[in-house]
Amino acid sequence: MEATIVEAINDALHEEMGNDDRTLVFGEDVAQSGGVFRATEGLLDEYGGDRVLDTPLSEIGIVGAAVGLATYGYRPIAEIQFSGFLPPAFDQLVTNASRIRWRTRGELTAPMTVRTPYGAGVRALEHHSESLEAAYAHIPGLKVAVPSTPHDAKGMLISAVRDPDPVLFMEPKHVYRSFREEVPEGTYTEPLGKAAVREEGEDVTVVAWGAMMHKTREAVDALDDVDVELVDLRSISPLDRETVVESVKKTGRCVVVHEAPKTGGFAGELIATINDEALMYLEAPVNRVTGFDVPVPLLAMEDFYIPQPPRIEEAIRETVDY
Amino acid sequence: MSEDLRPLTAGSVDADVETLSEADVDVGIHRILEPDGTYDPDAVPDVDDETLRDLYRWMVLQRVVDERATKLQRRGRLGTYASGRGQEASIVGSGFALDDADRVFPYGREAATLLIHGLSLRDLLLYWRGIEDASKMEGVNAFGVAISIGSHIPVAAGTAWGMKLDGADAVAFANLGDGATSTGAFHEGINFAGVIDAPAVFFTQNNQYAISLSFDGQTAADSVAQKAVGYGIDGIRVDGNDVLAVYEAVSAARDRALAGNPVLVEAVTYRRAAHTTSDDPNRYRDDEEVEEWAERDPLERYREFLRAEGLYDDIDEEALREEVDEMFDEAVDAADDFAEREVSEIFEHLHAETPPELRRQFDEFEDLLERRPDMYDYIERRPKG
Chain A
1 MEATIVEAIN DALHEEMGND DRTLVFGEDV AQSGGVFRAT EGLLDEYGGD
51 RVLDTPLSEI GIVGAAVGLA TYGYRPIAEI QFSGFLPPAF DQLVTNASRI
101 RWRTRGELTA PMTVRTPYGA GVRALEHHSE SLEAAYAHIP GLKVAVPSTP
151 HDAKGMLISA VRDPDPVLFM EPKHVYRSFR EEVPEGTYTE PLGKAAVREE
201 GEDVTVVAWG AMMHKTREAV DALDDVDVEL VDLRSISPLD RETVVESVKK
251 TGRCVVVHEA PKTGGFAGEL IATINDEALM YLEAPVNRVT GFDVPVPLLA
301 MEDFYIPQPP RIEEAIRETV DY
Chain B
1 MSEDLRPLTA GSVDADVETL SEADVDVGIH RILEPDGTYD PDAVPDVDDE
51 TLRDLYRWMV LQRVVDERAT KLQRRGRLGT YASGRGQEAS IVGSGFALDD
101 ADRVFPYGRE AATLLIHGLS LRDLLLYWRG IEDASKMEGV NAFGVAISIG
151 SHIPVAAGTA WGMKLDGADA VAFANLGDGA TSTGAFHEGI NFAGVIDAPA
201 VFFTQNNQYA ISLSFDGQTA ADSVAQKAVG YGIDGIRVDG NDVLAVYEAV
251 SAARDRALAG NPVLVEAVTY RRAAHTTSDD PNRYRDDEEV EEWAERDPLE
301 RYREFLRAEG LYDDIDEEAL REEVDEMFDE AVDAADDFAE REVSEIFEHL
351 HAETPPELRR QFDEFEDLLE RRPDMYDYIE RRPKG
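These protein sequence lines map, in sequence, to chains A and B. With the numbering used here applied, the first sequence covers 1 to 322. With the numbering used here applied, the second sequence covers 1 to 385.
Keep in mind that a hint or two might mislead.
Covered by chain B, according to a simulated footprint, are these stretches of chain A (three or more residues, beta-carbon under 8 Å) [as the list claims (entries may be wrong)]: (1) 57–65; (2) 99–108; (3) 295–308.
Covered by chain A, according to a simulated footprint, are these stretches of chain B (three or more residues, beta-carbon under 8 Å) [as the list claims (entries may be wrong)]: (4) 182–191; (5) 217–227; (6) 368–377.
None of these hints come from the bench; they were simulated from the model. From the three backbone atoms N, C-alpha and C, an ideal C-beta is built for every residue, glycine too.
With the hints as extra help, turn the sequences into a complete structure.
In C-alpha cells, the structure reads:
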C-alpha cells in the first residue's frame, strides 16, 4: 500500500497491537480522538479501552507508567504528543527506563517504546518544535530511533515495540504527510542501530536523519556535478559506526546535517567517530550543517532556523572543493 | 530471609480503619447569578455601576477578539490560536480582581486578562503570529505564556516568594487549565507555595476538556478545589460562567494570598470552541453537551443581570461591538505595520553577551544569505499578515 509516514506508523501500531495482546497504547488524546496527528486512529475501536487509553496530561506519569508496565511484563507504547513536552519525563527516562536492566543485573527489563513527533517546520507554538535527539542519545541504555521514510517508520516502529529495551522513537512531523511510498502490508521489521545508504556515490558522504533527510536530498539533487553518497542514519543510538566510517573511507569527505543546535549536537559525535576511525582517509575536515545555538524561533522566523537546501548545498560544495 | 523468619500468615484482616475519602472534602460552589440570570440583590458585590458595565464590555471584547482572531487564523494571517469562547466570565472576572502590581502567569486563552493588565491588542496579535518580540509582554506585569502546560506554576510560587520577601503588596497570579492540574509541576509548585506561605493565587479555569480529555479522565477527584486540602492551602470553587462570582472569588483569594495563604481557585466553566484552531472538537464531544453549555453562556447571564439592574439600557450593544471591531482593525493594522523581520533577532537576547560561537554562526548565516538569495525561496515568512 502507498502510505505517508504517519499512516505507516498507524499501520505499525495496528500490526503490533494485533500481534501481541500485551501491547498497550496510551498518551494524551491518543484514544478517542485518534491522536492530534491521527497516528493512533482506529486503535480504540479495534482494541478497546483497556489497551488504548487517553491518559491525564502528565508526561512524567505516562513515561513512568510505561516503565512500571514494561518491568511488569507488558509492552507499553506511549505517546508524548510533542517532543518539546518530553523534558519533564526526562527523569523517568534517565532514572528508571534506561538503566533498570543494568541496575537489576537483568532481573527487570523495560521493553517500552515512547513515540514522539519532533522537529520544526509546521508553524506550531513554542515548545512544539524541539529536536533534542543528542540529549536522549546521551542516556546510556536508551535507544533513539529517527525514521525518515514511511517504509522505515513502519518497520522500525515494529522493531522498537519488540525491542527488549526502551526505545525513544522520534517521528519527523515536518514530513509526516509530505509524501507517500510503497509500504508492505503485514508485519515486517527494519533493524534499529543500522543506517541506510540511500544513494551511493564517490565524492562525499552526507549523513542526515529524520526530516533533514529530505532537505538534504533536495540539496544533493541540485548538485548535478557532485557524486554524493547519502547516508540516512536512522538510529542515533545505537550508532551504526561501521556504515558511516566505511562510507567516509570510500569518499574521503563528509558532511553531517541536523536540525538540532550545533553545539553538543549529534554531528559532534559523528565527527569524533570519523576522527577515531577514518582520520587518515580524510581529504577535508568533516563539515556540518545544523540549527543554530538558539531555541527554535516562533513560527514567523522558524524557517530561517531550519537548515534549508541552499545551506546544505554550500556546505557540500565547500567540502568537495576543499 | 530464612523460612522461619517469615510470618506464618499474611492476609487481610477485618479491621475497622478510619479512611478519608473525597466525600469528606465537599467544596460548595460560589455563585451570585443563577444560570437563569436571577440573583439575590444582597449578594451582589459592592462595586459601582460603571464597573458593572465594564465587566460586560470586557467580556464582549474577549468574545470579539476570539471570533476575529479565529477568522484571521483561517485566512492564514495568524498562527494557531486558542480561543476563550465560553470562558469570558472567568477570564474577565479574574482579570478585574487583580492589581497592576500583581504578576500574571498566563496560559494562553485569557486575552482579556492580559489586555486589562495592560497588554496591547497589537502585541497579542503579534504573539499569535509567532513573532518573538511580542513575548516581551511590553507594559504588562506578566510572564510568558505557558505553552508547556503547568510549567509556570512553580515559577509563580517563586515569584510569590520574592514578593513576600520584599513585603510587596502584590500576588503572583497563575492562570491554568484543568489539564495542568495533572502535571508534576502543578503539585510541586502548589506544595511549595503552601510551605513558604507564598502570596500566590492559582486560578484554574476548569473548562472540562484538555484537548480531547474530559475532566473525569483527567482526575478521579470531584473537583480541583478540593486538591487544595492536600497541600494545606485554601481552595475556592466558583461558577466560572458567573462574572460577579469570579470577580468576588478571586478578590477574596487575592486577600487571602496577601495574608500568607496561597489559594487554589477552581472556576467551573466550559470551552465552547476547539482547543486551538488545529483541533476538531467534533471528534470527542457531542452537540448536546455543547448546546447545554451554550445555554449557560456567561454573556447572556450577565446581560440578564444588567437588565434587571437597569444598567443595560446604557449599553448600546451594536455600538460596543463596532467599537471593539474598530479596535481590532487598528490592532491588525499595527501588527501589519510591525517592522520587517531581521535574521539577527533569532540570535539576540539568548545571552546577556552573545558568545563568540553564536556570533560566528550568525555571521556565517548572514554571509550565506547574501551569497545565496535563493535561500529566501525556501524560507516562507509566514504569516506576514
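Hint-by-hint comparison with the structure:
For the stretch 57–65 of chain A, the assignment as covered by chain B holds, since 5 residues bring a beta-carbon within under 8 Å of that chain's beta-carbons and 3 suffice. Restraint check on the stretch 99–108 of chain A versus chain B: 0 residues with Cβ-Cβ distances below 8 Å, three needed, restraint violated. With a cut-off of 8 Å between beta carbons, the stretch 295–308 of chain A has 11 residues touching chain B; three or more are needed, and the interface restraint holds. Residues of the stretch 182–191 of chain B with a Cβ under 8 Å from some Cβ of chain A number 4, which satisfies the need for three, so the listed coverage holds.
Under a criterion of three residues with beta carbons nearer than 8 Å to beta carbons of chain A, the stated coverage of the stretch 217–227 of chain B is upheld, 3 such residues being counted. Counting residues of the stretch 368–377 of chain B whose C-beta lies closer than 8 Å to any C-beta of chain A gives 5; at least three are required, and the coverage claim holds.
In terms of the numbered hints stated before, the structure departs from hint 2 and from no other.
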